[in-house]
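Chains B and E, in that order, give the protein sequences.
Numbered by the numbering used here, the letters in the first sequence go through residues 1 to 303 in order.
Numbered by the numbering used here, the letters in the second sequence go through residues 1 to 830 in order.
Derived by calculation from the structure, the hints in this document are not laboratory data.
Cβ coordinates follow ideal geometry from the N, Cα and C atoms, glycine included.
Mixed in with the good hints there might be a few duds.
As the list claims (entries may be wrong) - Here are some, though not all, of the chain B residues that point toward chain E, as calculated from beta-carbon distances under 7 Å:
| hint | residue |
| --- | --- |
| 1 | Pro-198 |
| 2 | Ile-200 |
| 3 | Glu-201 |
| 4 | Val-242 |
| 5 | Gln-246 |
| 6 | Ala-274 |
Below are the chains, spelled out letter by letter.
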Amino acid sequence: MSSPYTTLPEFTYYKPKTLEEALELLEKYGEEAKVLAGGVGLINFMLEKLMSPKYVVDIKGIEELRGIGYEEGKGLSIGAATRISEITRWLDGNPELKRKYQALYEALSRIADMQIRNRATLAGNVCEALPYMDSYSPLAVYDAEVVIASRSGERRALITEFVQGPGMIDLQPEELVVRIDVPEPPRRSVSGFSKIVPAIEYSIASVSMLAANIEDPATREVRIAVSAATPVPVRVREAEDVFKSQGDIVELLDKALDKLIGEIEYDILEDPYASAEYRKEMIRVQAYQLFLRLLREYRANWG
Amino acid sequence: MPLTAIHYLHVSQPRHGRGVTLLGSQFTVREFKIIGKRIPPKDAFDKVTGTGTYVYDMELPGMLYAKLVQSTKPHAKIKGIDYSKALQVPGVVSVATGRDFPFRIGIYVGDRDLLAIDKVLWVGHPVAAVIADSVRAAEKALDLIYIDYDPLPAVFDPIESMKPDAPLLHPDLGRYRVSPAFKPRPGTNIANEFHLKRGDIEKGFSKAEVVVEGDFSLPFMSHVYMETQAVIAHYRQNGYIDLWTSAQSPFAVRYLMGMSLGMPMGRIRVHVPYIGGGFGGKAGLGWEPLVAMLSRKVGYKPVKLLLTRSEQFRLAPVVAGVRGWGKIGLDRNGRIVAYQARFIFDSGAFGDYTVNVSRTAGYACTGSYEIENAECESYAVYTNKIPTTALRGFGYPENHWVLERLIDKAAKELGMDPVKVRSLNLLKPGVSYTGTGARLREDAGNPQKVLEEVAKGLGWGEKARDSSKPWRVRAKGLAVSVKGPSQPPDASASAIIKFNEDASVDVLVGTGNFGQGTVTSLAMIVAEEFGIPLDKVHVHELRSTNDSAYTWQTVGSRGLFTDGSALLEAIRDAKSKIKRVASAALRVSEDHLEIADGKVYVKGKPWHYIPLERIVMGYTFENGNAIGGPIIGSGRHIAELNTYLDPDTGQGTPTIFYTFGGTGVEVEVDLLTGEVKVVKAVQAFDIGKAINPLLVEGQMIGGFVMGQSRALYEEIIFDEMGAVANPNLSFYYVARAPDIPEEWVLRIIETPQTDGPYGARGIGENVMIAVAPAIGNALFHGLGVDVRHLPMKAERVWRAIREQRPELYQKALSALKEEIRREYESLTRR
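Just need the whole structure built from these sequences, with the hints factored in.
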């Protein structure tokens with residue numbers, strides 16, 4: 001972020017205590033209101049005068065939006081006002097869940113730095129919709145859903161559908177992201193996250209992977225999610241289906257990555273920080289390195 | 001033969017310095033109580049606890065705030081500025097434009113304006129200043145200033161800019177005030193050119209067995225000092241100006257401001273509290289004249305200008321990008337028979353300070369070597385980009401990036417060990433002549449020892465350790481470096497010490513205090529010489545031109561050498577005054593008195609003494625008669641036997657010392673991603689005498705990391721308008737804690753220089769100079785991959801590996817796949 005400004009535009013600040021109150025404000029003010037959670041994105045956008053909301057609705061005071069829940073078989077449920085460091089600390093205290101959600105844990109614990117992680121929320125990270133948001137690929141790999149509320153009710157959106165493009169999310173002005181649901185990963189699975197941050201703070205290519213029942217082609221499941229190299233997080237199901245076949249594991253991996261990259265090739269970003277060619281190759285290289293790591297973890301856990 | 005002492009310093013096992021040094025011209029072994037001890041910096045507590053005051057923090061009663069309006073065009077005439085709406089914002093006091101103060105300022109080439117005068121030269125060029133009673137009001141008004149531009153053709157590439165038909169940035173170049181050593185070429189965009197000619201270059205190359213040449217480059221970079229630029233100016237109605245500024249050199253600010261604006265210097269009072277880093281970027285003159293003028297314009301009220309990080313990147317001077325080229329010839333024995341180099345410094349819109357950086361790169365182009373036939377040329381060229389200024393190293397990192405890389409390439413071509421080639425060609429103190437044709441003083445240090453220590457510390461000749469992963473490889477590389485202060489031949493310094501009632505000492509020096517630790521070393525010198533505890537020596541953090549002793553600037557690693565020498569003279573002065581009084585009191589001749597342990601005593605009869613407390617404010621006899629008076633000592637230093645350089649050949653004596661050093665690295669390279677991780681760093685420097693080895697070590701480590709950051713990460717990126725595209729620390733990456741190598745070998749070599757304080761030479765800059773070439777040489781030596789453009793960021797290294805050693809890449813990928821296969825098989829075998 002960068003700005004010649006040190007002062008924020010003027011706005012009216014609300015800090016509702018209940019979800020109902022927050023939704024009322026959002027309905028009342030519509031596009032003139034912006035939601036403040038950690039403020040990591042919003043405050044910077046406002047400093048740059050890219051956003052000048054008349055009303056700012058701070059959701060950190062809403063008790064029901066805070067905290068993390070887990071239900072066996074259903075998965076994790078993370079309140080929209082929960083800070084990143086609260087999530088990683090909570091997982092540190094639940095080693096079994098940390099292992100289940102290893103990719104998410106790894107990604108969250110590498111977001112920015114400690115100070116930012118103490119402020120930023122997962123929901124805020126998801127709503128910022130810049131391609132390099134670190135939570136995208138792990139959430140995609142677990143098929144996470146964004147739970148959205150408004151005065152007319154609740155709806156859910158898959159992370160890969162919720163994020164529609166740089167700066168664009170599937171959220172109406174009167175709606176509020178209330179939590180992120182991360183479903184239970186398959187049994188006997190391992191997962192991991194990898195990113196490349198060459199000479200900038202942000203990733204230029206991130207890969208999350210999840211693998212279950214690796215040794216058995218019949219029940220084997222391998223998921224690969226890519227972000228940062230593409231405008232939005234992606235999963236390519238046909239590429240993942242390759243792993244259901246018999247055959248040499250490296251050849252399957254090669255084939256799956258060919259399919260994956262073939263599908264997203266024209267979407268791969270190119271900017272002064274990394275060429276599309278490098279990003280493309282870094283998806284592949286990280287996928288190999290990550291898969292090797294997952295094989296080892298799988299053997300240690302389930303072998 | 002000079003005496004050499006070596007400290008073997010490992011971070012994990014610190015050892016204490018040995019009290020060995022010289023006194024006068026005789027080598028004498030002297031035991032020290034404080035000199036050579038590892039003493040934490042005096043300012044550490046204030047800085048670490050955040051209780052130190054910086055200009056950034058300062059507020060004055062009735063103070064107003066300035067904000068700068070930036071140009072949106074790279075090169076354009078200003079047709080009109082409409083700020084009527086801005087003036088209507090409540091709280092806005094005034095708006096100033098370039099026509100209000102049409103002066104040119106600068107240190108070497110006076111090409112800078114305070115605000116754009118009639119035309120803008122880069123996107124970001126300050127066009128107007130808003131002054132308001134709050135930052136909020138000023139920022140609101142910023143968006144209400146409308147500038148009508150008439151665009152002019154712009155030039156962003158320095159090579160293009162040198163062509164005769166390039167758009168001219170400074171048509172008045174011939175009329176600017178220029179310092180004697182500089183030669184702008186009016187009617188062109190060349191702010192300065194420098195030529196070094198020594199021997200016969202053609203004849204030299206004709207003797208060469210191998211000739212190697214190459215293009216090299218360094219990008220624009222930012223100093224990224226923690227405290228962005230901050231100035232408070234109060235132009236008073238009585239004609240005095242008070243300035244509080246985050247500047248390295250208060251006296252240079254005063255002098256250059258007085259010179260440029262035609263003001264009596266005594267009426268300009270420059271105050272510098274704690275500074276949040278400088279690295280050369282706060283040398284010379286900054287925003288002070290502008291803010292002083294704004295203060296006058298608003299009716300003699302104090303005005304503060306504080307830059308945000310983004311403004312720092314877009315409108316304050318950064319570090320020039322350089323296009324370099326070099327060609328080296330070695331004979332069959334490995335002797336360098338000829339060297340040719342060219343440097344084009346992209347100085348951006350103003351050449352002011354960069355002209356001297358480029359001149360220095362030129363005159364020091366032959367580095368640490370004796371090269372009989374050399375021709376180097378160096379240019380500073382205007383482009384429509386952000387202006388540039390000095391950075392730690394000042395032309396040496398640039399010329400070493402070319403020379404030290406070419407040495408390795410030529411050595412390989414010849415089939416010789418690059419360490420051997422270096423050893424064969426290193427300057428020999430007392431014997432060799434440098435590139436400027438000056439005979440190297442015999443106590444200049446021990447370059448051979450430096451090289452030897454780097455090679456030994458790195459385990460040169462032993463294979464690099466294996467990496468834990470087959471697609472990663474370890475590689476070693478090294479480079480040597482030399483650095484001397486780049487200052488005018490008559491640069492001087494002074495020091496004053498005055499005693500307090502309790503025989504504690506106030507030290508008044510002008511040298512700045514922004515991380516180097518010089519003030520701690522100066523305090524140690526005083527404590528040592530009077531035998532008083534260190535906490536009885538006070539060096540105030542505030543520098544003021546009205547009550548600090550003069551020093552030319554705090555730059556070029558000169559502080560300890562010049563101001564330390566002046567301080568020793570001040571100490572001698574005070575001692576002789578003390579002895580004069582004590583001689584009468586103790587009834588012995590002055591020659592028979594000694595000062596130590598806070599006492600004046602009779603030599604041979606240490607029990608016959610007077611404590612300093614009873615002398616330093618005057619000595620009182622039993623009957624009340626008094627003699628003497630408050631003791632104040634003063635001392636000075638001036639560069640001796642330095643000369644201007646010959647305008648055609650660059651020959652002469654440009655520096656008061658050269659510090660020789662060297663850097664070795666072991667890196668781990670991921671062949672598949674191109675990521676380079678430095679796992680081990682070796683630093684060796686002959687600094688004559690380590691007054692405080694702890695601080696020397698701090699410089700070695702800090703300088704290495706800064707060099708590493710420049711080598712691997714840092715780069716200002718420009719868009720198609722020449723505007724800085726990454727004006728923030730998210731997209732302009734600076735080395736962070738996890739990037740710092742884990743293993744360190746630090747060597748301090750002590751070959752004393754007779755005219756340095758206790759034999760000491762400067763260390764502040766050399767510590768970063770050889771880092772990039774050492775890393776480049778590691779990639780070259782260990783991987784056979786030649787990367788000649790900085791930064792050696794992951795994608796660039798990845799591309800170089802794929803282009804130059806595709807088989808390495810393939811092998812690494814196959815190894816990774818093979819490991820996957822093996823791992824999978826061992827999983828399914830069960």
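request  = Of all the hints given earlier, name the ones this structure violates by number, lowest first.
outcome  = 4, 5
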